[in-house]
Amino acid sequence: MADSDTTPQRNADVRREDGRLVDRFREQGDRAAFQQIIEKYENRIYRFGFRMCGHREDAEDVVQDTFINAFRYLKDFRGEASLLSWLLRIASSACIKKRRLRKNEPKQLLEFEDSGETGAVGNAAPSSPGRLTPHDRVAQAEVQELLRRAMAAIPANYRAVLVLREMEGLSGKETAEALGISEGAVKVRLHRARTMVYKAFESMIHGKQEA
Amino acid sequence: MANKKPEHRHCAKLLERMSAYVDGELGADCCGELEKHLAECPECRSTLEGMRRLASLCRECREQEIRQSPEFKARLRALLTEQEPPESPRRKKR
Chain W
1 MADSDTTPQR
11 NADVRREDGR
21 LVDRFREQGD
31 RAAFQQIIEK
41 YENRIYRFGF
51 RMCGHREDAE
61 DVVQDTFINA
71 FRYLKDFRGE
81 ASLLSWLLRI
91 ASSACIKKRR
101 LRKNEPKQLL
111 EFEDSGETGA
121 VGNAAPSSPG
131 RLTPHDRVAQ
141 AEVQELLRRA
151 MAAIPANYRA
161 VLVLREMEGL
171 SGKETAEALG
181 ISEGAVKVRL
191 HRARTMVYKA
201 FESMIHGKQE
211 A
Chain D
1001 MANKKPEHRH
1011 CAKLLERMSA
1021 YVDGELGADC
1031 CGELEKHLAE
1041 CPECRSTLEG
1051 MRRLASLCRE
1061 CREQEIRQSP
1071 EFKARLRALL
1081 TEQEPPESPR
1091 RKKR
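Chain order of the listed sequences is W and D.
Numbering of the first sequence is given in the numbering used here, commencing with residue 1 and proceeding in unit increments.
Numbering of the second sequence is given in the numbering used here, commencing with residue 1001 and proceeding in unit increments.
Incorrect hints may have been included.
Stated by the list, open to error - Derived lysine-lysine pairs resembling DSS-like cross-links, with alpha carbons at most 25 Å apart: (1) W:Lys-187 to W:Lys-97; (2) W:Lys-173 to W:Lys-75; (3) W:Lys-75 to W:Lys-40; (4) W:Lys-199 to W:Lys-187; (5) W:Lys-187 to D:Lys-1036; (6) W:Lys-173 to W:Lys-97; (7) D:Lys-1013 to W:Lys-187; (8) W:Lys-40 to D:Lys-1073; (9) W:Lys-75 to W:Lys-97; (10) D:Lys-1073 to D:Lys-1036; (11) D:Lys-1073 to W:Lys-97; (12) W:Lys-75 to D:Lys-1073; (13) D:Lys-1013 to W:Lys-199; (14) W:Lys-40 to W:Lys-173.
If you are wondering where the hints come from, they were derived from the structure by calculation, not from laboratory data.
Let the sequences and hints guide you as you build the complete structure.
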């Protein structure tokens, strides 16, 4: 994933490039610059929203809310965090708000869209299908489905850390910026999230074996 | 990962360091202490394996392609085209 490259030089280049886009939009009202920001980050925001909410429609709402708010408030972006972290912070608030609005949702277990036999979720496709046998693909899809369900069973603020650090490949600093917490808090939440998810995951596997 | 509560008196304290150990972020002194404990505690070894397995599963998910539909992308662009441009303080001054 090219956009997950977090080398310092790459990060500095990205920040410079983003800074130019932000300035063009803020100073000249250049909508093409904002379009470039969307092109660059919409997939990351969608992926985050999907992994947080588990539904394609919710992920789309998260992307929409994020970019509408970014359009309105980009003038307030000070560049202390990266543009991606700033957008993820808006997206993270949108995910938590979305969860609160789902009044009928169980407090603990958020059911994800059924992935079906192929393991594809929403518009997600299983990775490297050519290298796996059909049996492997089914097994992989089952394990990934259990993982998604286990992640859904933990509080959103812990899930966000796990999604950003483990699945999106953000550094501790970037995750901290995206969630508005300290790097120390990221470490603590990551450890607790891993422990909670694995416990849920194990109990689902045992439940399946006993059934 | 075992679901039982750690029995060893050091387990709870060391469990807090397990994530940092999995991420290679634990200092040499702490690593030594943890590894010594792991050698004699099957429950913590099991927890470590669990953490590593979870990290590996999450990494596999990184490769999973999750994309928006072209219809949604078009809708998003249309919606943003309709938005009034925000009033920039810098532009106001000019």
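Okay, the hints, checked on the actual structure:
no. : hint                     : result
1   : W:Lys-187 to W:Lys-97    : 24 Å, holds
2   : W:Lys-173 to W:Lys-75    : 23 Å, holds
3   : W:Lys-75 to W:Lys-40     : 19 Å, holds
4   : W:Lys-199 to W:Lys-187   : 18 Å, holds
5   : W:Lys-187 to D:Lys-1036  : 23 Å, holds
6   : W:Lys-173 to W:Lys-97    : 24 Å, holds
7   : D:Lys-1013 to W:Lys-187  : 15 Å, holds
8   : W:Lys-40 to D:Lys-1073   : 13 Å, holds
9   : W:Lys-75 to W:Lys-97     : 23 Å, holds
10  : D:Lys-1073 to D:Lys-1036 : 54 Å, violated
11  : D:Lys-1073 to W:Lys-97   : 22 Å, holds
12  : W:Lys-75 to D:Lys-1073   : 24 Å, holds
13  : D:Lys-1013 to W:Lys-199  : 18 Å, holds
14  : W:Lys-40 to W:Lys-173    : 21 Å, holds
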